[in-house]
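Here's the letter readout for the chains.
There are 2 protein chains.
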Amino acid sequence: MRTGFVGLGAMGQPMARNLHRAGLLAAVWNRSAAKAQAFSAETGVAAAGSLAELAEICEAVVTCVSADADVLTVTDALGASLAAGAVVMDCSTVAADTAREAAARLAAHDAEFLDCPVSGGTEGARDGTLSIMVGGEAAALQRARPVLEALGRNIVHMGPAGAGQAAKATNQIMVAGINQAVTEALAFGQAQGLPMDRLIAALEKGAAANWFLSHRGPTMVEGRYPLGFKVALHAKDLEICRRMAEADGARLPLIEMTLKHYARLLDAGSTEEDISALFRLKSDMFARGDA
Amino acid sequence: MRTGFVGLGAMGQPMARNLHRAGLLAAVWNRSAAKAQAFSAETGVAAAGSLAELAEICEAVVTCVSADADVLTVTDALGASLAAGAVVMDCSTVAADTAREAAARLAAHDAEFLDCPVSGGTEGARDGTLSIMVGGEAAALQRARPVLEALGRNIVHMGPAGAGQAAKATNQIMVAGINQAVTEALAFGQAQGLPMDRLIAALEKGAAANWFLSHRGPTMVEGRYPLGFKVALHAKDLEICRRMAEADGARLPLIEMTLKHYARLLDAGSTEEDISALFRLKSDMFARGDA
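From first to last, the protein sequence lines are chains Z and Y.
Sequential numbering from 1 applies to the first sequence in our numbering.
Sequential numbering from 1 applies to the second sequence in our numbering.
Check before you lean on any hint, since a few could be wrong.
As the list claims (entries may be wrong) - Within a straight-line C-alpha distance of at most 30 Å, the following computed DSS-like cross-link-like pairs (lysine-lysine) qualify:
| # | chain 1 | residue 1 | chain 2 | residue 2 |
| --- | --- | --- | --- | --- |
| 1 | Y | K35 | Y | K236 |
| 2 | Y | K260 | Y | K236 |
| 3 | Y | K205 | Y | K230 |
| 4 | Y | K205 | Z | K205 |
| 5 | Z | K230 | Z | K205 |
| 6 | Y | K35 | Z | K236 |
| 7 | Y | K230 | Y | K260 |
| 8 | Z | K260 | Y | K236 |
| 9 | Y | K230 | Z | K236 |
| 10 | Y | K260 | Z | K236 |
| 11 | Y | K260 | Z | K260 |
| 12 | Z | K205 | Z | K35 |
| 13 | Z | K205 | Y | K260 |
| 14 | Z | K260 | Z | K230 |
| 15 | Z | K236 | Z | K260 |
| 16 | Z | K236 | Y | K236 |
| 17 | Z | K236 | Z | K35 |
| 18 | Z | K260 | Y | K205 |
| 19 | Y | K205 | Z | K230 |
| 20 | Y | K35 | Y | K205 |
Unchecked claim - DEER-style ranges, computed between Cβ atoms:
| # | chain 1 | residue 1 | chain 2 | residue 2 | range |
| --- | --- | --- | --- | --- | --- |
| 21 | Z | A268 | Y | R224 | 41 to 47 Å |
| 22 | Z | G193 | Y | G193 | 44 to 50 Å |
| 23 | Z | A107 | Y | R224 | 37 to 43 Å |
| 24 | Z | S32 | Y | E256 | 45 to 51 Å |
| 25 | Z | T129 | Y | P218 | 19 to 25 Å |
Said to hold, decoys possible - Computed footprint of chain Z on chain Y, listed as stretches where at least three residues anywhere in the stretch have a Cβ under 8 Å from a Cβ of chain Z:
| # | region |
| --- | --- |
| 26 | 157 to 167 |
| 27 | 197 to 206 |
| 28 | 233 to 242 |
| 29 | 246 to 254 |
Since the hints were made in silico from the structure, they are not lab data.
Since the model is a prediction, treat every value here as computed from it, not as a measurement.
Note that beta-carbon positions come from the ideal geometry of N, C-alpha and C, so glycine has one too.
This is chain Z alone, in the form it adopts within the complex:
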C-alpha cells in the first residue's frame, strides 16, 4: 500500500521512519519543506512538492499535525487529487467534530477518512508500540490496517468517524486527573519527610499503581521534568475536552482545576517541560498553604 506521510514533527518523524522500515512509505510532505528534504536525503523517500502531488501517487496518507484547522486544510488539499477509495488516517489529536467534518469532505471525493489519534508518547512512536484509537468505517480500517500495524500494537476500532477522537479525549482527561493524583499525593509525602524513592516503590505495588507514577515519579521527586509531553500541548487537548463536554451541557471539574494549574505553569515559562512539572506547583502550593 503506497503510503504518504504529512507532518514530520516530534511524533510524526519517528512514525514515518517506521512506515519506511515496513516498506510502505512512498512520499513525505511537511509545512516547512526543509524537514521533508532532510528526511528525503537520509531515507531516499521522495519529498513531494505539494500535497496534491503526494495525493496523486499514494493509496493511503497518514497525517500528524497540530491544530484542528490544519487537519481540515490538509484534507482539503489532498481531497481532489486522491484516487477513489484512498484512505487518509489522521493521527493528530483534535475535536471529534473536526474528524467528522474531515470525513464528510473526503467522502465527497470518494476517499475515506479514519481518525486515528495515538497514545504512548514519543517513546511509543519510536518503538512502534503506540495505542491507536480508530474512528470511521470498519471496511476502511480493514484496508488500512497494515499501515497502522507499522505504527502501533494496540489498534482499537471505537466506532464511526469522531469516535477515535472521543476516546483520545477520554484518555487525555484520565491522564490529567492522574497527574493531579500523583503530584498532590507525592507533594504531601514530601512534606511528611518521607524517603521518596521508597515511597514510590511501596505505592507502585498497591492499589495506587499507575503508569505515570512509575514513569514520571522518580524524575519529578528529583525536580526534573524531561519530555514526555509538553504542558502547552496537554492544555490544548484539555480545551478540546472542555468544549466537547460543554456541547453536552456538562462540566469536567478535574479538568477545570488542571487547566488553571497548567496556565500558572505556562505563565511561569514551562514551555519545554513535561506535564509532571505540576509536581513543582503542588509542592509550592503545599509549602504556602495555598490551594
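Chain Z is fixed; fit chain Y onto it per the hints.
Using the frame of chain Z, we list chain Y on its own:
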C-alpha cells in the same frame, strides 16, 4: 515467634489465617468475643479472655482495628502485660501522630511498636500479597519481619514511628485522585457514546494505565460497585489526611473535592458500595451539567 492477633474484621480475619498457616499464631482477641470464639473453634487457636492474657503469652502482637482511639486503647491494655522486647505491629490506618503516641506509650513498658498499615484490599489480605509500609525502629522490624512476611510481599521501611502511616496517607490520597480521574474520564466517554469495554481496553495500554481502571473499570461501567473498599472507610482515611495536611498549614484540593463527593454518596445510602460508585455520581453530574 509466638504471635497474637487483635481485630478479626474484613482485613484481620484473612490476615490471622495466614499467620496460622505459617505456624505463628498463638492466640486471638476480638472486641465482640463471638468472632474470636468462632475463629478458635475452626482453627484450634486459643481465644484469649482479655488483651492482658493475650499479651502474657505472645512475643509479637498484630493489631488491625478501625479508629485512632481503638489503637491507643488496645496498646494500653497490652502494654503492662507484654514481656520486655515484645513487638506490637499495628496494621490499622490511623494518623501518624497516633502511631507516635502508641510507640511512646509502649516504650514506657520496654515494648516496641511498629506502624504497619497495608495496601492491597481484602484480596491482598487473603492471598498474603499486601504491600506493608512500616514506621519504627529498624531493629524491631528486623525481629518482626517473619510475621510480616506471612502477611505481605512488599515490606518497605519508611522511617521512624509514624512514617508508615504517613506513607499510607499518601497512598490514600493517590487512590482518591485516581478514582476521580478514572470516573470523570469514563463518565465523559460514556456521554460520547463510546463502547466502554473497548475504551477500557485501549486506555489501559497507554499513558493512562492504572490498577484502578483495570480492576474497577469493567464493573463500574456496568453499574456494579462490589467491595473492594467502602466509601465510608476511605472518607475516614481522607479526613486523617486532611488533618495531617492542615497541621502543615496546607490544603489538598483533590481531597476536598473527593470528601464532598463521598459525603453525597453516603447521604444517598452507599454504605456497602465500593469507592468506584463515584462513577454513578459523576455520570449523574455529567447528565445534569452539574459540577
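Exercise for review: Below or equal to 30 Å on CA atoms is what counts here, so check K260/Y against K236/Y.
Suggested key: Distance ~13 Å between K260/Y and K236/Y Cα, so the pair holds.
Review point. Is the Cα-Cα distance between K236/Z and K260/Z 30 Å or less?
Key: 13 Å, holds
Review point. Do the alpha carbons of K205/Z and K260/Y lie within 30 Å of each other, as the hint requires?
Key: The hint holds at about 28 Å.
**Study point:** Distance restraint between K205/Z and K35/Z, which requires alpha-carbon spacing of 30 Å or less
**Key:** Violated, at roughly 44 Å.
Check your understanding: Would you say the region 233 to 242 of chain Y counts as covered by chain Z, given the rule of at least 3 residues with C-beta under 8 Å?
Key -> violated (count 1)
Review point. Cβ-Cβ distance between A268/Z and R224/Y: within 41 to 47 Å?
Key: The hint (41 to 47 Å, Cβ to Cβ) holds, given that A268/Z and R224/Y are roughly 44 Å apart.
Practice item. Would you check the hint for K260/Y and K260/Z, treating anything up to 30 Å between C-alpha atoms as holding? Key: 20 Å, holds
Check your understanding: Straight-line Cα separation of K205/Y and K205/Z no greater than 30 Å?
Key -> 18 Å, holds
Review point. Does K230/Z lie within 30 Å of K260/Z when you go C-alpha to C-alpha?
Key: 16 Å, holds
Practice item. May I ask you to test the hint 37 to 43 Å on the CB atoms belonging to A107/Z and R224/Y? Key: 40 Å, holds
Check your understanding: the region 197 to 206 of chain Y covered by chain Z? Criterion: 3 or more residues, Cβ-Cβ distance below 8 Å.
Key -> holds (count 7)
Exercise for review: Quickly compare the C-alpha distance for K260/Y and K236/Z to 30 Å and report which way the hint goes.
Suggested key: It holds: about 29 Å lies between the C-alpha atoms, which stays within 30 Å.
Hint compliance for this structure: hints 6, 9, 12, 16, 20, 28 are broken, all remaining hints hold.
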